[in-house]
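Asks: Straight run, no breaks: the sequence shown in our numbering ends on number 634.
No lab work stands behind these hints: they were computed from the structure. A quick note: this is a predicted structure, and the numbers were derived from the prediction, not measured. Take these hints with a grain of salt, some might be off.
[Stated by the list, open to error] In silico BS3-like links for lysine-lysine, alpha-carbon gap of 27 angstroms or less:
#  : residue 1 : residue 2
1  : 621       : 484
2  : 621       : 577
3  : 555       : 566
4  : 566       : 630
5  : 621       : 555
6  : 577       : 630
7  : 630       : 555
8  : 577       : 484
9  : 566       : 577
10 : 555       : 484
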Amino acid sequence: MNTRVAAVEDLERRIGHTFADRALLERALTHASVGDRRPGVQHNERLEFFGDRVLNLLVAEELLDRMPEAREGELSGAFHKLVNLETCAEVARSIGLPAALRLGGGSSKTGIRTADRVLGDACEALIAAIYFDAGLEAARAFVREFWAAPFKALHEPEKQNPKVVLQEWALAHKLPTPIYHVIEQTGPSHRPLFTIEVFVQGFEPVRGQGGSIREAEKVVAERLLTKINAQ
Numbered sequence: 404m405n406t407r408v409a410a411v412e413d414l415e416r417r418i419g420h421t422f423a424d425r426a427l428l429e430r431a432l433t434h435a436s437v438g439d440r441r442p443g444v445q446h447n448e449r450l451e452f453f454g455d456r457v458l459n460l461l462v463a464e465e466l467l468d469r470m471p472e473a474r475e476g477e478l479s480g481a482f483h484k485l486v487n488l489e490t491c492a493e494v495a496r497s498i499g500l501p502a503a504l505r506l507g508g509g510s511s512k513t514g515i516r517t518a519d520r521v522l523g524d525a526c527e528a529l530i531a532a533i534y535f536d537a538g539l540e541a542a543r544a545f546v547r548e549f550w551a552a553p554f555k556a557l558h559e560p561e562k563q564n565p566k567v568v569l570q571e572w573a574l575a576h577k578l579p580t581p582i583y584h585v586i587e588q589t590g591p592s593h594r595p596l597f598t599i600e601v602f603v604q605g606f607e608p609v610r611g612q613g614g615s616i617r618e619a620e621k622v623v624a625e626r627l628l629t630k631i632n633a634q
């Protein structure tokens, strides 16, 4: 079986929905880069536009239900933690969406398949596709299941981003901004592993790994902070 066909089937299994309209699913998974070589191909940008609105509605609805006493400011703060590029990209990774994407020639080699922007947009396009294929209740079920972890995190103490902490430490000590380098990417496209190195003047570079560049950067920043604090 074709690798991508298997990835699409795996995606449907993970989300618990088999599409009646296969063309709609294919469109949701098609990045605009495909049109660079094949004019006329329908890609997912219009679906992403609509899916963003559906996601906004469903998350706002869920927040009103979960936080009946919250004021508008509190609701808005929670909403922006739930509906953002990073959260959508993480949901996309959790359902195996990267391997199911259809990209233009050479795009996979540039890292576009694992980019937060591409994955976040595709996740919203998928929400729109579910809506058009099976209705609002199906879209609502998807959001409730795969946004369960982000909703739970709303009530947990917020941990400061170690990259921000490291940068603030460097500035406070009049040092240049930390420099991050991608050393290598290994593993299959649907489960990549990035090795990142961070350098701060006066310290040996520190390496670490993560399933995304953002995650790996946080890992190495945390490790370097631990090293700094131990001195």
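Asks: Next, verify each hint and record whether it holds.
Replies: Hint check results:
1. With a C-alpha separation of about 18 angstroms, the suggested pairing of residue 621 with residue 484 holds against the 27 angstroms cut-off.
2. Using a Cα cut-off of 27 angstroms, the hinted pair residue 621 and residue 577 holds, with the two alpha carbons roughly 22 angstroms apart.
3. Between the alpha carbons of residue 555 and residue 566 the distance comes to roughly 23 angstroms, so the proposed pair stays at or under 27 angstroms and holds.
4. Between residue 566 and residue 630 the CA atoms are separated by roughly 14 angstroms; this keeps the pair inside 27 angstroms, and the hint holds.
5. Restraint check for residue 621 and residue 555: the C-alpha separation of about 21 angstroms stays at or below 27 angstroms, so the hint holds.
6. At roughly 18 angstroms between alpha-carbon atoms, residue 577 and residue 630 fall within 27 angstroms of each other, so this suggested pair holds.
7. Between residue 630 and residue 555 the alpha-carbon distance is near 31 angstroms, which puts this suggested pair outside the 27 angstroms criterion.
8. Between the alpha carbons of residue 577 and residue 484 the distance comes to roughly 32 angstroms, so the proposed pair goes past 27 angstroms and is violated.
9. This hinted pair checks out: residue 566 and residue 577 have alpha carbons roughly 17 angstroms apart, not beyond 27 angstroms.
10. Pair hint residue 555 plus residue 484 holds up; C-alpha atoms about 11 angstroms apart against a cutoff of 27 angstroms.
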